[in-house]
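Q: Protein chains in written order, with the working numbering: chain A, 1 to 221; chain B, 1 to 110; chain C, 1 to 647; chain D, 1 to 360.
Hints are supplied without guarantee of correctness; some may be wrong.
[Stated by the list, open to error] Residues from chain C that face chain A, not an exhaustive set, calculated with beta carbons under 8 Å: (1) 181; (2) 223; (3) 463; (4) 468; (5) 472; (6) 473; (7) 475; (8) 476; (9) 479; (10) 602.
[Unchecked claim] Restraint ranges, calculated between C-beta atoms of paired labels, are given here: (11) 606(C) to 60(A): 21 to 27 Å; (12) 136(A) to 284(D): 54 to 60 Å; (13) 476(C) to 331(D): 34 to 40 Å; (14) 138(C) to 27(B): 47 to 53 Å; (15) 296(C) to 100(B): 34 to 40 Å; (16) 60(A) to 46(B): 39 to 45 Å; (17) 85(B) to 318(D): 53 to 59 Å; (18) 136(A) to 48(C): 42 to 48 Å; (19) 138(C) to 331(D): 18 to 24 Å; (20) 81(D) to 66(C): 55 to 61 Å; (21) 41(C) to 77(A): 55 to 61 Å.
[As the list claims (entries may be wrong)] Here are the computed lysine-lysine pairs in the DSSO-like style, where the Cα-Cα straight-line distance is at most 27 Å: (22) 107(A) to 43(B); (23) 267(D) to 284(D); (24) 152(A) to 603(C); (25) 56(A) to 188(D); (26) 186(A) to 101(A); (27) 573(C) to 183(A); (28) 638(C) to 139(A).
Keep in mind the hints are simulated off the structure, nothing from the lab.
Note that CB positions come from ideal geometry on N, CA and C, so glycine has one too.
In case you want the letters, here they are:
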Amino acid sequence: MSATSHAHHDEAGQAPLVGSLGVDSRKLGLWAFIGSETLFFTALITTHLIFYARTKAELTASGMLAHLDPKHFLGINLTSVLAAILLASSLTMVLALAASKAKEWQKFRFWLLATIILGSSFVLGQAYEFSHLYAEGLKLAPQFVYEGETVKSLFGVTFFTMTGFHGLHVTLGVIWLIAVYFKVRKFPASPENPMDVELVGLYWHFVDLVWVGIFTLIYLI
Amino acid sequence: MAEHATHDQHAEAHEAHGTRFYWMVGAILAIITTIEVAIFLVKDTIGHELFLAILFILSIAKGAGVVMFFMHLRGDARIFQLVFIVPLTFAVTMCLGFLTIFSNYGGIAG
Amino acid sequence: MAIAEHKLTSVSPATASSGSFPWRTWLATVDHKKIGIIYIVSAFVFFMLGGIEAMLMRVQLGAPNNTFLSADVYNQLFTMHATTMIFLMVMPMNVGIGNYVVPLMIGARDMAFPRLNAMSIWLFLGGGLLLYMSFLTGGAPNGGWFAYAPLTQVQYSPTSGMDYWILGLGLTGIASIAGALNFIVTVLNMRAPGMSINRMPLFVWMNLVVSFIIIFAFPTFTVGSIELLFDRQFGGAFFNPAQGGDAMLWQHLFWFFGHPEVYILILPVMGMISEILPVFSRKPIFGYSFVAFSGVGIGFLGFIVWAHHMFGVGMGPMANAFFAAASMVIAIPTGVKIFNWIATMWAGDVRLTTAMLYAIGFISMFIIGGISGITLASPPIDLQQTDSYYVVAHLHYVLFGGSILGLFAGAYYWFPKMTGRMLNERIGKIQFWIMLISFNVTFFPMHIVGTEGMPRRIYTYEAGMGWDLWNFIETVGTFFLAFSILIFIYNVLSSLRNGEVASNDPWDAATLEWTMPSPPPSYNFLHIPIVNSRRPLWDAKYPHAAGDDHHGASSAPSQVRYEYTDEETAGAKDIHMPSLTFSPMILSGGLTIAALGFVYINKDILGLPTRVAALGFILIGIVMVAIAIRGWIVDSRKDSPYLGQHH
Amino acid sequence: MRKEARKSTVPLVVLLLSCAAMLSGCTNLPATTLFTYGDHATRILDLLMPVFWMAVGVFVVVQGALVYTVIRFRSKQANAPVPAQIHGNTNIEIMWTIAPAIILLVIAVMTFRTQAANSYQPPEAMKIRAIGHQWWFEFQYDDGTIVTANDLYIPVGQSVQIQLEAADVMHNFWIPKLAGKTYMIPGKTNYLAFKATEAGIFRGFCAEFCGESHGNMHFRVIALDAADFAKWKTNFATTPAAANGTAQVLGLTGDAARGAAIFADAKKQCSSCHIISGTVAKGKIGPNLTYFGNRRTIAAGMLPYSTDNMAKWLQDPTSIKPGNLMGRVIKKGTLKDQEIADLVAYLDGMKFAVNMPAEK
């Protein structure tokens with residue numbers, strides 16, 4: 001993304017692309033985009049909650065909830081590790097930003113690489129989780145098989161759609177992080193660097209934030 | 001121009017957080033996550049309502065921590081708060097509205 | 001008045017250039033004005049396509065038991081008519097005019113993100129073309145623009161039409177969100193010094209509100225259509241009750257977007273009207289704050305009324321009562337706007353130019369559409385009127401009598417600025433009266449046949465229901481409407497060639513776009529103006545008739561320039577504007593090709609070859625996107641003051 | 001002057017159209033919502049009328065103010081002085097914010113009263129199950145022991161509660177003269193209670209777009225006096241008598257007994273989709289054809305009932321209702337004319353006498 005700015009703001013000493021509101025244009029755009037994405041993920045999570053409530057009600061009515069609750073598929077151990085990874089990556093991200101602002105480029109590279117590695121581990125962990133769930137009988141289909149019994153439920157469909165789109169966002173975030181890593185390496189002197197880092201950081205924290213929601217609403221409750 | 005002053009203010013806000021501060025926030029968030037997992041493991045003993053209440057409070061605290069300190073929404077320009085909190089309000093309204101409507105036919109309450 | 005009488009500075013009519021058309025400067029452009037023109041022209045082409053679809057339907061309904069169209073074709077036509085008019089005509093036309101005018105009105109050189117702006121236009125066109133490709137590939141979408149489940153499930157709609165609909169609208173949706181983000185940042189962050197929020201022209205205000213509505217409303221539609229795509233192609237069952245899905249969920253997701261969409265269509269036009277009425281009444285808008293904040297209020301309320309489209313689905317009396325009350329509340333800010341518009345003209349010097357006639361026509365027709373909306377907000381009455389032709393009448397009074405008449409007002413008002421030529425006023429007025437009368441002849445009887453029990457979306461009806469005469473009149477009206485559009489096309493084409501040359505400020509207007517030559521140079525303002533009131537140009541022209549227009553600390557006059565010396569103009573070469581780039585177009589092309597692949601990814605038309613080809617399209621698309629992103633980064637480096645070569 | 005004459009055309013056209021609309025509203029057309037014979041629709045009309053007159057009042061005031069302003073303050077000379085620059089008046093603006101709010105409050109209160117009355121489900125109401133199909137209506141009485149299609153028989157003066165369901169896609173159940181619309185939604189059950197106040201035959205439609213032949217999905221409501229209704233129900237519950245008799249159609253003489261044999265013939269496939277009680281026909285895909293001779297219409301309300309129209313339907317169902325399921329089996333020429341005549345004789349002969357009220 002690039003942005004034009006006012007001639008009268010191009011004076012030396014000003015941060016790049018600061019406009020009439022006193023903020024960076026790209027940062028403002030990204031925050032608005034995050035606002036929009038909030039509604040996107042809320043719609044996906046809401047869909048999941050509505051259908052899970054229905055499955056739960058049906059299983060309760062047939063007295064099979066304790067045995068066949070699709071939540072049994074979701075192992076808390078792996079997910080807790082994934083949540084911890086994403087949370088840690090948020091910390092490394094913000095440390096990378098602090099380093100970039102302090103122009104400590106060696107530190108910056110270390111923390112950004114750590115973020116990239118943690119992000120990639122999350123994606124790999126999710127891929128492992130998905131293949132595991134598929135093998136166990138939870139598929140992208142309007143029924144699941146648990147211990148030999150087939151249950152009509154949209155749990156698999158809503159779960160994979162929701163977490164899949166989150167995973168896609170994490171993947172795009174990792175690609176963006178890598179791009180920023182190389183950009184800063186190529187142009188270490190550019191005064192735009194802290195803002196480039198801040199932007200990818202905002203996106204990255206947002207992706208973490210969505211996982212905070214999914215972790216609580218889908219895995220724990 | 002009064003509007004331009006906000007920029008300098010939020011620039012200062014950034015400086016205020018040192019790396020120590022981020023480590024502290026990170027540690028608190030890690031502790032919250034640990035507590036969440038812990039109460040999940042003992043949820044049968046503390047009752048469903050209490051479990052839900054604690055979990056919601058902890059998750060909101062965790063999310064708020066990420067947004068306020070890692071994303072620097074606290075102390076940053078007002079406009080960022082506006083373009084994030086307004087849609088967040090819409091999102092929560094939509095979620096609650098949908099869950100209420102769908103409780104009529106086998107939703108959360110049914 | 002002396003100043004308004006005008007100097008004809010640096011006039012360069014758009015069509016004056018002879019020789020070959022400068023394709024490159026248009027296809028690779030990042031200039032908000034050129035992008036605006038591309039939006040406007042393509043939206044107008046889609047307007048004619050949607051109009052032809054409407055006329056075919058009207059011919060079919062002109063007589064009972066008609067066999068001009070088959071049921072299937074009729075269903076495709078009404079689906080495409082609505083989809084076209086909403087997503088490919090009114091929305092992009094608003095965006096196009098906004099794209100052209102908003103940066104000029106706020107004293108900016110361009111949109112905040114010019115390359116993103118270019119991506120939006122090409123992605124919108126890609127989505128539109130994909131939608132229309134469906135006609136050539138076995139059937140257009142046939143589930144209605146509302147795409148109610150489970151009729152849109154693959155077993156009830158087995159052609160690829162709905163897949164084209166999902167993916168085509170997906171592309172235009174991305175374009176809309178990107179465009180809206182661009183508008184938000186532009187309006188908030190690109191204003192000239194002194195152009196505070198409460199000095200922004202109301203058209204800018206409404207574009208800001210609408211941009212927020214877009215980014216908040218579109219995500220739910222995106223989620224809904226992704227889920228529908230999963231249902232149709234990837235084994236989901238979100239909206240298929242036979243497999244445990246829920247048909248109502250689609251309706252809620254759709255209308256949570258669909259109702260705000262109505263305001264996305266009308267609010268920018270209300271903004272245009274709020275610019276045009278004061279200029280031709282030679283007065284400021286009456287109650288600027290009321291008009292601005294009623295727009296914000298409509299934007300907010302628009303998100304809690306979605307289920308008034310669903311009073312008949314059995315949500316229960318409590319939910320119905322809530323949504324009815326919220327819908328009635330929304331009539332209040334709308335009414336406020338109408339009163340303020342009338343008060344703006346009151347005691348003014350009302351000059352009935354064509355643009356003004358259209359603006360007045362807009363108010364007049366919108367009053368009717370607004371009043372018929374009140375009965376629809378009342379659930380018991382709605383149960384008799386919904387899904388009948390009464391609703392068709394209501395929505396056309398709001399969307400045609402409202403949005404489209406307003407867009408014509410905007411077209412006549414800003415055409416001189418965009419092209420450097422005046423549209424012929426005489427022909428314009430003839431067109432206005434033919435259009436207004438034939439519009440009423442076409443759509444007013446629909447109130448009546450609706451009340452007489454004619455359901456919507458029926459491809460035929462039997463004789464003897466009392467509907468025949470009205471339907472015949474409606475069909476006749478359509479032809480006159482089409483004729484009025486032809487007059488407009490003639491007016492545009494002949495005026496482009498022979499029209500009166502437009503000065504900077506042909507209407508004696510008040511806002512910044514009229515300080516520039518018509519059409520403005522690529523960099524817009526030679527010197528960025530300094531604004532000290534809501535009507536900077538007016539105050540410069542009439543320093544003694546400004547009134548109490550100064551909002552903010554300073555009461556110094558605005559510093560606007562509308563004349564430059566030759567040396568100053570020569571200095572324009574130092575103004576740096578972003579360079580031409582094909583990357584946004586390649587990116588949009590890549591996404592469109594990938595979307596085409598997704599239409600066929602799970603179709604058993606020719607077996608394996610189809611899937612391989614579909615996969616191939618997706619891969620080609622991804623490669624194009626990757627190439628485009630690389631090119632985009634390289635191009636933006638060239639323009640960066642820190643990384644580029646030009647400094 | 002010419003200009004003014006043109007200006008007055010708009011209100012004139014609107015006025016003329018409004019007058020025409022009023023006149024047309026005063027005619028008791030087959031499906032009008034302005035002449036009601038059921039409590040549900042009548043309550044809606046009673047709400048609509050005051051709202052309509054309020055709307056007319058608002059229209060006259062606001063449109064009048066607009067037209068008056070434009071005419072009165074029209075620019076009269078090219079170089080008119082700049083008018084006074086008025087930026088607003090908070091008091092006036094607050095006033096015209098509150099005024100519509102008051103009108104709306106009145107409408108809201110009336111609305112909620114009507115809504116409460118119309119959503120009430122009387123416990124004593126007679127229960128009828130209505131199922132929407134692509135593209136016909138199925139009606140079940142007494143827990144499915146009596147099943148009919150496209151003719152909904154109800155008693156006059158007694159509340160009926162329609163339990164609305166859908167078999168495939170969404171439909172919308174609408175009888176303009178008796179009750180407002182209620183959706184028929186797959187996977188969800190809706191209820192609509194109303195009472196016919198007069199005997200008569202009323203038009204009904206599917207009002208939600210439901211696929212190719214949505215426009216061809218009608219039904220009739222036949223409201224009978226209590227005694228007639230009871231007689232109809234008793235008769236309908238009996239098994240039709242053995243087929244006999246003849247009918248003249250397509251210039252041929254159809255024989256009912258032969259028709260019954262064709263209908264029961266597995267190779268002809270009639271019985272795999274339709275039910276006729278007391279026979280081998282037990283298919284559940286198409287409408288139940290028991291006592292078909294009593295039908296008012298053919299093909300979900302599309303054609304008036306007559307032996308000629310029945311023959312037309314049996315020759316080529318797709319030409320009458322594009323996309324319908326029967327058209328996939330029966331194409332032009334599938335049935336020979338003699339077979340059609342026999343089937344018509346069979347179906348037409350299966351009837352009993354009912355005191356039919358007038359179309360209203």
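Q: Next, verify each hint and record whether it holds.
A: Hint by hint, here is what the structure shows:
1. Checking residue 181(C) against chain A by beta carbon gives a least distance of about 5 Å; that is within 8 Å, so the hint holds.
2. Given the 8 Å rule on beta carbons, the hint for residue 223(C) holds: about 4 Å separates it from the nearest Cβ of chain A.
3. Look at residue 463(C): its Cβ only gets to about 46 Å from chain A, farther than 8 Å, so that hint breaks.
4. Against a cut-off of 8 Å between C-beta atoms, the interface hint on residue 468(C) is violated, since the closest Cβ of chain A lies about 45 Å away.
5. Hint status for residue 472(C) relative to chain A: violated, with the closest Cβ pair at about 45 Å, above 8 Å.
6. Among the interface hints, the one on residue 473(C) is violated; its C-beta lies about 44 Å from the nearest C-beta in chain A, farther than the 8 Å criterion.
7. The criterion of a C-beta within 8 Å of any C-beta in chain A is not met by residue 475(C), whose closest approach is roughly 41 Å, and the hint is violated.
8. Checking residue 476(C) against chain A by beta carbon gives a least distance of about 45 Å; that is not within 8 Å, so the hint is violated.
9. Because the closest C-beta pair between residue 479(C) and chain A is about 43 Å apart, greater than 8 Å, the hint is violated.
10. Annotation: interface hint on residue 602(C) violated; nearest CB of chain A at approximately 12 Å, more than 8 Å.
11. Roughly 47 Å separates the CB atoms of residue 606(C) and residue 60(A), a value that falls outside the hinted 21 to 27 Å.
12. Separation of residue 136(A) from residue 284(D) is about 38 Å and departs from the stated range, judged on CB atoms against 54 to 60 Å.
13. Between residue 476(C) and residue 331(D) the beta carbons are some 38 Å apart, a value that agrees with the proposed interval 34 to 40 Å.
14. At roughly 60 Å, the beta-carbon separation of residue 138(C) and residue 27(B) lies outside the given 47 to 53 Å, and the hint is violated.
15. The hint said 34 to 40 Å for the Cβ distance between residue 296(C) and residue 100(B), and at roughly 26 Å that hint is violated.
16. One distance hint, 39 to 45 Å for the beta-carbon pair residue 60(A) and residue 46(B), is violated here, with the actual separation near 21 Å.
17. Checked against the hint of 53 to 59 Å, the C-beta distance between residue 85(B) and residue 318(D) comes to roughly 58 Å, which is consistent with it.
18. In this structure the hint that residue 136(A) and residue 48(C) lie 42 to 48 Å apart at CB is violated, the actual value being about 56 Å.
19. Checked against the given bound of 18 to 24 Å, the beta carbons of residue 138(C) and residue 331(D), roughly 22 Å apart, stay inside it.
20. The hinted window of 55 to 61 Å between residue 81(D) and residue 66(C) holds, with their beta carbons roughly 59 Å apart.
21. Taking 55 to 61 Å as the suggested C-beta distance range, the pair residue 41(C) and residue 77(A) conforms, at roughly 59 Å.
22. Among the hinted pairs, residue 107(A) with residue 43(B) is inconsistent with the structure: their alpha-carbon atoms are about 42 Å apart, more than 27 Å.
23. Under the criterion of a C-alpha separation no larger than 27 Å, the hint pairing residue 267(D) with residue 284(D) is consistent with the structure, at around 17 Å.
24. Using a Cα cut-off of 27 Å, the hinted pair residue 152(A) and residue 603(C) holds, with the two alpha carbons roughly 25 Å apart.
25. For the hint linking residue 56(A) to residue 188(D), the alpha-carbon distance of about 18 Å falls within 27 Å, and the restraint holds.
26. The straight-line distance between the Cα atoms of residue 186(A) and residue 101(A) is roughly 17 Å, inside the 27 Å bound, and the hint therefore holds.
27. For the hint pairing residue 573(C) with residue 183(A), the CA-to-CA distance comes to about 30 Å; that exceeds 27 Å, so the pair is violated.
28. A C-alpha spacing of about 48 Å is found between residue 638(C) and residue 139(A), which places the hinted pair above 27 Å, so the restraint is violated.
When the structure is compared with the earlier hints, violations turn up for hints 3, 4, 5, 6, 7, 8, 9, 10, 11, 12, 14, 15, 16, 18, 22, 27, 28 and for no others.
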